[in-house]
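Q: Going line by line, the protein sequences match chains A, B and C. Those letters in the first sequence? Residues 413 to 616, per our numbering, in order. Those letters in the second sequence? Residues 413 to 616, per our numbering, in order. Those letters in the third sequence? Residues 413 to 616, per our numbering, in order.
Please note: incorrect hints may appear among the correct ones.
No copy labels: a pair is met if it fits in one copy or bridges any two.
[Said to hold, decoys possible] Only pairs whose alpha carbons sit at most 30 Å apart, straight line, appear in this in silico DSS-like list of lysine-lysine:
| no. | residue 1 | residue 2 |
| --- | --- | --- |
| 1 | K613 | K494 |
| 2 | K606 | K521 |
| 3 | K606 | K560 |
| 4 | K440 | K521 |
| 5 | K494 | K440 |
| 6 | K494 | K521 |
| 7 | K521 | K613 |
| 8 | K613 | K560 |
| 9 | K560 | K440 |
| 10 | K494 | K560 |
| 11 | K560 | K521 |
It is worth saying that the hints were derived from the structure and are not from the lab. Small disclaimer: the values here were computed from a predicted structure and weren't measured.
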Amino acid sequence: MQDTLITICDFIGTLAFAISGIRLASSKHFDLFGAYVVGVTTAIGGGTLRDLMLGQTPFWMTNSFYLICSGIALVWVMLFRKQLVRQNNTWFLFDTIGLALFTVTGIEKTLQAGFPFWTAIIMGCMTGAGGGVLRDILRGEVPLIFRKEVYAMACVLGGAAWWLTAAFGAPYPVAPSLCAGVVIAVRLLAVRYKLRLPVLKGEE
Amino acid sequence: MQDTLITICDFIGTLAFAISGIRLASSKHFDLFGAYVVGVTTAIGGGTLRDLMLGQTPFWMTNSFYLICSGIALVWVMLFRKQLVRQNNTWFLFDTIGLALFTVTGIEKTLQAGFPFWTAIIMGCMTGAGGGVLRDILRGEVPLIFRKEVYAMACVLGGAAWWLTAAFGAPYPVAPSLCAGVVIAVRLLAVRYKLRLPVLKGEE
Amino acid sequence: MQDTLITICDFIGTLAFAISGIRLASSKHFDLFGAYVVGVTTAIGGGTLRDLMLGQTPFWMTNSFYLICSGIALVWVMLFRKQLVRQNNTWFLFDTIGLALFTVTGIEKTLQAGFPFWTAIIMGCMTGAGGGVLRDILRGEVPLIFRKEVYAMACVLGGAAWWLTAAFGAPYPVAPSLCAGVVIAVRLLAVRYKLRLPVLKGEE
């Protein structure tokens, strides 16, 4: 039951991440191969960085689920190109669900590998937001999340919520659920109220 | 005998990859050090990504052959700068031989590490085409192979040929030879007939 | 005593590297999160690449020292933004000390892992100069050290000095000290006399 829910969220999140990459690739006139690579990278890039740093085999190399999801995303963008704009709110929601799940996965895997909690939060943040950074680098753009959106900070706050909850001795499924909830809430509130982090002033 | 042939192809391919990186670096006014780094990255970058993902030591760290080849490439570009344009067809052919060999190496190494065939094809493709992507990122350009050329798709088709041949029980040297042949044929035909993958339409 | 000196240099160098990343991020209007990530990447990126290639856990994942230093760097830039230009000479010196120490660390770690000396020099160079390359990629710029400055070459020359000294059988602390001295001397002389590597001529 819980496993089914996680699989569904994983599918939804991977699809949404890949679609964001493919749409942004299409605005740069990438061909089908390039668009697929950017989509896959957006979906699995963060988890790949995490696994390499944890000294583990990247998760997608033994499970074709993620590459197939990205293929579905490519077909979706090709078929429903014109409807995508109208579906923006749905995809935003799916992307947020993915962000929350990927953060939780990243934190859990890092804790299980025996690292301290602050390392786990960084890895959760990297799992959630790293794919988007690689996507923008492949597109030749400055990473969006460094300038415009409260995105990675939602992962950090979710991770902090997990840490606090665990410190107070909450039983297992409470802490990761709260973490996911905080990620989603922060992201929704930030977009709703146009919240941004302050921009660092330059020295001119 | 077979080993000698592979070493020659490895030398030719590494040289051609490094020269492509160094030439493109020179068009951005890189200094000698920068040009060498871009050349080396083009030559060994794909295999390095593969080895990191396979959890192995990057191949060039225990064998100075590849760094020396890249050094020869740098000297070549400095000495024969004006002749390079006339040698374009030769270098294109050498680059294609390298692409085929690197694809075969990547697939073989991944299969030997016990991964499924679809993972091996991805790794073959990454070994062949990954260096060019890193080269373009270091030059601050959108990767060429995402937009203009049938390059990585040749690796994918070569890998598929290997897979099919192996599934029909062909004895060992047949499958990788066919794979190399398909990579070379697809690449030559694509350039000869100006074949391209369709560009993904944007949402204007 | 020697350990204290190394810790102080590590602090100074990390601070200087992070500040260089944060200042360059601020010129691109990054928000506080983005600026911190670029600062951290500048400080730890080179060593992370090295550790991944050596098959080891990235050094900062088990020691919060480096992330805290980068946090101090962020606060410093926010508080003393206007004084930073006047402090340029100091930060240049600190950056050079960091470059020397990181080069030594990289060479030492690689030799201890059993690699040949030429690999160690490359890893020393990557430890010292790799963070700056990643910093520029994250900012969407062509890496500065490929075009303008004698930076990575100072690491290479320092590594060569270590190699020579060790080959003549000098006792342990001599070779790394000389290496650090050469890195600092080359960097200072290059800036003082505006030395540059020749630019590779393009094919127009």
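Q: Work down the list of hints and note, for each, if the structure agrees.
A: Going down the list of hints, with the structure as the test:
1. K613 with K494: Only across copies: K613 and K494 sit 10 Å apart there, 39 Å inside one copy, limit 30 Å.
2. K606 with K521: neither (32 Å within a copy, 47 Å between copies)
3. K606 with K560: within (10 Å within a copy, 38 Å between copies)
4. K440 with K521: Classified as neither; 35 Å inside a copy, 34 Å across copies.
5. K494 with K440: within (17 Å within a copy, 33 Å between copies)
6. K494 with K521: neither (39 Å within a copy, 43 Å between copies)
7. K521 with K613: neither (37 Å within a copy, 38 Å between copies)
8. K613 with K560: both (15 Å within a copy, 26 Å between copies)
9. K560 with K440: Both: 20 Å inside a copy, 12 Å across copies.
10. K494 with K560: both (26 Å within a copy, 25 Å between copies)
11. K560 with K521: within (29 Å within a copy, 39 Å between copies)
Comparing the model with each earlier hint shows violations of hints 2, 4, 6 and 7; every other hint is respected.
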